[in-house]
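K.L.:
Chain residues, written in single-letter form:
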Amino acid sequence: MTTTTFEVEAKSGLWRKIVSALPYVALSISIIPILVGYYWVIIATFSYRTEGLFPVDANGNIGGFTLQNWQFLLDPQIWRVTLNSFLIAIGMVIGVGFLSTLTGYALSRMNFRGRKGFLGLTLVLHAFRPELLLIAIFQVLLFIAGIPLLGKVFGFNTVGGVALVMVALELPLGIWLMKGFFDNLSWDMERAALIDGASRFRVWWEIILPQVKPGLAALAIFNFIAGWNAYLIPFTFTIGAKVSNLSVYLNQFSGDTSPTGWNQVAAVGLFQLLPILIFFIFTQETLLSIYGGGAKGGT
Amino acid sequence: MSSKRFRGLAGYVLAAPAAVLAVAAFYLPWVSFIVNDKLFSTLTGRHIAAGTVIQKGSGEIVFRGSVMNHFILVVAAVTFLSLIVAWQRRRLVLWDGLALAILGAMGFFGILSGFGVASRKAGIAGVDMEMTYGMALALLASLLIFVAGVWNTVAVTREDPSVKGTLGAWGFMAPTAFLVMVFFFIPAFILFILSLTDLSSSNFSEPWHFIGLENYRRMFSDRFFPKILGNTIRYVSLTLIFFNVGMALVLALLTSHIRRRAGFFFRMIWLLPRITPSVVYIVMWRRMVQQPPYGIINQVLGWLGVEHQPYWLNEQPWLFVILVNGFVGASFGMLIFSSAIESIPKDLFVAARVDGASTWQIVRDITLPLIKWPLLFVTSYQTLSLLVSFEYILLLTNGGPGLFTTEVWALTSYKRALFTYFGTNQWGYGAAWGLVLVVIAIVASVVYLRVFRFDELVQEPKIDVL
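Chains A and B, in that order, are what the protein sequence lines are. Note that the working numbering has the first sequence beginning at 6, numbered continuously upward. Note that the working numbering has the second sequence beginning at 12, numbered continuously upward.
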């Protein structure tokens with residue numbers, strides 16, 4: 006039995022229908038603000054101007070379909086910030102994926118001094134919210150910026166620095182998830198390989214990794230979205246257009262634009278939304294499981 | 012046996028002189044400067060121990076230091092301490108090697124960074140920075156200490172093969188451990204230190220001072236402190252009650268009592284705000300609250316014949332702060348509650364139904380008691396989340412309209428420290444605000460760990476022993 010249907014023993018068929026329709030009505034009303042928001046972004050992107058819910062042309066009549074809001078694509082600046090957003094997202098996918106797979110494996114499979122302590126620490130950090138450490142991380146990034154060469158890549162005001170901070174702050178969650186995946190794997194194949202004399206690293210690479218691909222994929226989607234959407238950390242640790250990302254650019258742009266011109270803002274917004282919507286359409290099950298299972302509370 | 016011990020201690024044979032060399036090379040120019048004031052002027056623009064010699068525009072020669080430059084002292088002190096302990100113990104343990112290796116590396120990068128920061132400041136002051144021989148020697152000495160550390164580690168590993176397993180495991184852990192150290196522990200420590208100083212952008216390159224608990228005194232006596240505290244309580248409690256727990260529970264109950272595909276659909280839609288980029292999400296909301304003719308809410312009000320059509324964000328800032336955060340926050344609880352409800356055995360519902368219970372009775376007497384733990388979990392978890400989060404408020408109202416109308420504690424801390432706030436970044440003062448929340452967050456996380464039995468998840472590993 007997959008559904009929990011509450012059969013209402015009502016007096017008439019009509020009454021029963023009304024009662025069983027109530028949850029649908031309530032839920033439909035609850036999602037109106039979300040749908041309206043998305044509706045506006047999509048309509049506004051392709052119209053001259055919007056008034057309330059309707060696209061209008063220069064004379065205020067309904068209509069005014071146009072593609073000129075997409076002119077921002079010709080601006081080299083947008084491609085730079087898009088590249089930065091993409092680099093941060095990919096940095097998070099690779100960084101968190103790689104490190105938490107290594108660490109999760111060690112925590113799940115190896116017995117060593119300090120294991121219990123580190124695992125407890127990971128759990129505490131997983132519940133801990135690092136937002137307010139940003140004040141001090143600022144000083145850490147200034148310190149890194151002072152180191153020759155390294156400072157140019159990972160210091161204050163670099164894309165690498167932003168990505169590094171984001172990877173570090175996301176690691177407890179990643180380790181926690183990956184350790185869970187490893188705990189559920191059978192130990193037999195691995196033991197056979199170890200008995201045959203394979204090294205730990207080789208076992209990890211050739212036997213373990215292929216088995217946790219679904220988990221790794223889920224973590225990758227989560228991290229890509231987190232990196233691509235990032236606003237607070239890039240905003241805090243970068244100055245100027247060269248190193249900023251799409252979110253920071255868009256916020257700046259919407260602040261500089263009067264309400265009449267928000268169709269261009271909507272176009273940039275939709276541009277940033279596209280990868281998210283693609284994930285939304287194709288990986289729904291995975292999204293529900295990662296945001297319900299391992300992810301932090303958000304807000 | 013004795014040869015093995017010698018090999019281990021040989022690491023110290025390298026490390027001890029290196030530490031002496033580092034301190035001497037680093038501080039001798041400084042000592043000579045104290046002894047002979049004239050020598051100081053020849054060092055202008057030089058980065059020596061404890062800081063940099065700079066000639067100001069007025070011709071006055073001043074000395075600017077930073078705490079990081081004294082790090083070499085810590086390196087040397089710990090090197091000798093470690094040597095003494097190892098000597099007393101008469102044999103090496105793993106830490107003797109690791110401590111030296113880590114310290115050496117930290118000393119190396121500490122000196123480099125101190126020089127880099129000084130160069131940048133000197134560059135702003137129009138002085139070219141040169142590296143002195145003393146600095147180069149100190150760098151070399153740090154490297155030698157690092158090598159000595161590796162040497163000791165290898166020696167320990169040879170002596171005791173079981174160490175190899177631990178070392179191998181920590182090889183898997185090392186990058187993560189390093190990042191956790193650099194981006195969690197060190198910042199938490201820096202935050203604590205910062206909160207005791209008057210460091211701000213107005214005296215960033217000037218000497219800053221430890222001012223004890225002055226920042227905290229200032230914080231509690233701030234004219235807007237009661238306002239901000241009240242805002243925080245209001246923000247956390249209202250969002251929690253109406254959305255993160257309340258709406259989440261209603262959504263979970265509704266979506267798990269309708270057809271499965273439909274329930275799935277509604278949950279996905281409710282997940283959308285969470286995965287939407289925060290800036291885009293805020294743009295959507297801003298468009299809803301605009302004045303006529305742009306605002307969507309006002310257009311709907313117009314259809315209903317309502318005359319009053321203001322800019323809603325200024326009219327009802329709190330309503331929208333809570334709506335905006337709530338629509339993001341509800342999905343977490345919704346997903347947790349849904350899976351909890353779906354895991355309740357269906358027989359219970361059927362039995363209750365047969366006994367003639369109404370839907371409300373079933374929810375009250377069966378569902379709610381059975382999801383008691385998820386309810387408690389989401390409530391406590393989201394309390395902490397809301398308490399320290401400020402991104403959506405920052406984007407939506409930035410604490411306005413007007414003075415501190417919607418400013419919460421976390422936002423105050425962030426803005427004081429990292430915004431050019433009333434003209435200056437007040438890192439020290441902002442850190443004091445932040446530290447209070449960080450302490451709350453640490454305590455809360457540890458308590459959650461205990462209450463929700465997370466430690467039971469710390470199961471024994473599938474052991475190495477073959």
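Treat the hints with caution; some may be incorrect.
[Said to hold, decoys possible] Calculated lysine-lysine pairs in the DSBU-like style (CA-CA distance at most 35 Å, straight line):
{"no.": "1", "chain 1": "A", "residue 1": "Lys218", "chain 2": "B", "residue 2": "Lys238"}
{"no.": "2", "chain 1": "A", "residue 1": "Lys121", "chain 2": "A", "residue 2": "Lys218"}
{"no.": "3", "chain 1": "A", "residue 1": "Lys22", "chain 2": "B", "residue 2": "Lys383"}
{"no.": "4", "chain 1": "A", "residue 1": "Lys121", "chain 2": "B", "residue 2": "Lys175"}
{"no.": "5", "chain 1": "B", "residue 1": "Lys357", "chain 2": "A", "residue 2": "Lys218"}
{"no.": "6", "chain 1": "B", "residue 1": "Lys383", "chain 2": "A", "residue 2": "Lys121"}
{"no.": "7", "chain 1": "A", "residue 1": "Lys218", "chain 2": "A", "residue 2": "Lys157"}
{"no.": "8", "chain 1": "A", "residue 1": "Lys157", "chain 2": "A", "residue 2": "Lys247"}
{"no.": "9", "chain 1": "A", "residue 1": "Lys22", "chain 2": "B", "residue 2": "Lys357"}
{"no.": "10", "chain 1": "B", "residue 1": "Lys383", "chain 2": "B", "residue 2": "Lys357"}
[Said to hold, decoys possible] Here are the simulated distance ranges between beta carbons:
{"no.": "11", "chain 1": "B", "residue 1": "Arg229", "chain 2": "A", "residue 2": "Tyr29", "range": "49 to 59 Å"}
{"no.": "12", "chain 1": "B", "residue 1": "Ile204", "chain 2": "A", "residue 2": "Gln257", "range": "27 to 37 Å"}
{"no.": "13", "chain 1": "B", "residue 1": "Leu359", "chain 2": "A", "residue 2": "Ile34", "range": "49 to 59 Å"}
[Claimed, not checked] According to the in silico footprint, chain A covers these stretches of chain B (three or more CB under 8 Å from chain A):
{"no.": "14", "region": "90-97"}
{"no.": "15", "region": "147-153"}
{"no.": "16", "region": "160-172"}
{"no.": "17", "region": "335-347"}
{"no.": "18", "region": "376-385"}
{"no.": "19", "region": "400-408"}
The hints are simulated quantities; they were obtained by calculation from the structure and are not laboratory data. All values derive from a computational prediction rather than experimental measurement. Every residue, glycine too, gets a C-beta built ideally from N, C-alpha and C.
K.L.:
Now look at each hint and say whether the structure bears it out.
P.N.:
Tested hints:
Proposed proximity of lysine 218 (chain A) and lysine 238 (chain B) is contradicted: the alpha carbons are some 50 Å apart, above 35 Å. The suggested pairing of lysine 121 (chain A) with lysine 218 (chain A) holds, with an alpha-carbon distance near 26 Å, which does not exceed 35 Å. Note on lysine 22 (chain A) and lysine 383 (chain B): the hinted pairing holds, with a Cα-Cα distance of about 32 Å set against a maximum of 35 Å. Of the pairs offered as hints, the one joining lysine 121 (chain A) and lysine 175 (chain B) holds, with about 18 Å between alpha carbons and a cut-off of 35 Å not exceeded.
For the hint pairing lysine 357 (chain B) with lysine 218 (chain A), the CA-to-CA distance comes to about 33 Å; that is within 35 Å, so the pair holds. Under the criterion of a C-alpha separation no larger than 35 Å, the hint pairing lysine 383 (chain B) with lysine 121 (chain A) is consistent with the structure, at around 29 Å. Pair hint lysine 218 (chain A) plus lysine 157 (chain A) holds up; C-alpha atoms about 34 Å apart against a cutoff of 35 Å. Among the hinted pairs, lysine 157 (chain A) with lysine 247 (chain A) is consistent with the structure: their alpha-carbon atoms are about 14 Å apart, no more than 35 Å.
Using a Cα cut-off of 35 Å, the hinted pair lysine 22 (chain A) and lysine 357 (chain B) holds, with the two alpha carbons roughly 23 Å apart. For the hint pairing lysine 383 (chain B) with lysine 357 (chain B), the CA-to-CA distance comes to about 18 Å; that is within 35 Å, so the pair holds. At roughly 55 Å, the beta carbons of arginine 229 (chain B) and tyrosine 29 (chain A) sit within the given window of 49 to 59 Å. Separated by about 33 Å at the C-beta atoms, isoleucine 204 (chain B) and glutamine 257 (chain A) satisfy the suggested range of 27 to 37 Å.
Under the hint 49 to 59 Å, the C-beta atoms of leucine 359 (chain B) and isoleucine 34 (chain A), about 30 Å apart, miss the expected range. Beta-carbon proximity to chain A at under 8 Å applies to 0 residues in the region 90-97 of chain B; the threshold of 3 is not reached and the given coverage is violated. A count of 0 residues in the region 147-153 of chain B with a Cβ less than 8 Å from any Cβ of chain A is obtained; the coverage claim is therefore unmet, three being the minimum. Residues of the region 160-172 of chain B lying with their CB closer than 8 Å to a CB of chain A number 0, which falls below the three-residue condition for coverage.
Coverage of the region 335-347 of chain B by chain A holds [criterion: at least 3 residues with CB-CB distance below 8 Å; count 8]. Note: the region 376-385 of chain B has 0 residues with beta-carbon separation from chain A under 8 Å; the three-residue rule is not met and the coverage is violated. With 6 residues carrying a beta carbon less than 8 Å from a beta carbon of chain A, the region 400-408 of chain B meets the three-residue requirement, and the given coverage holds.
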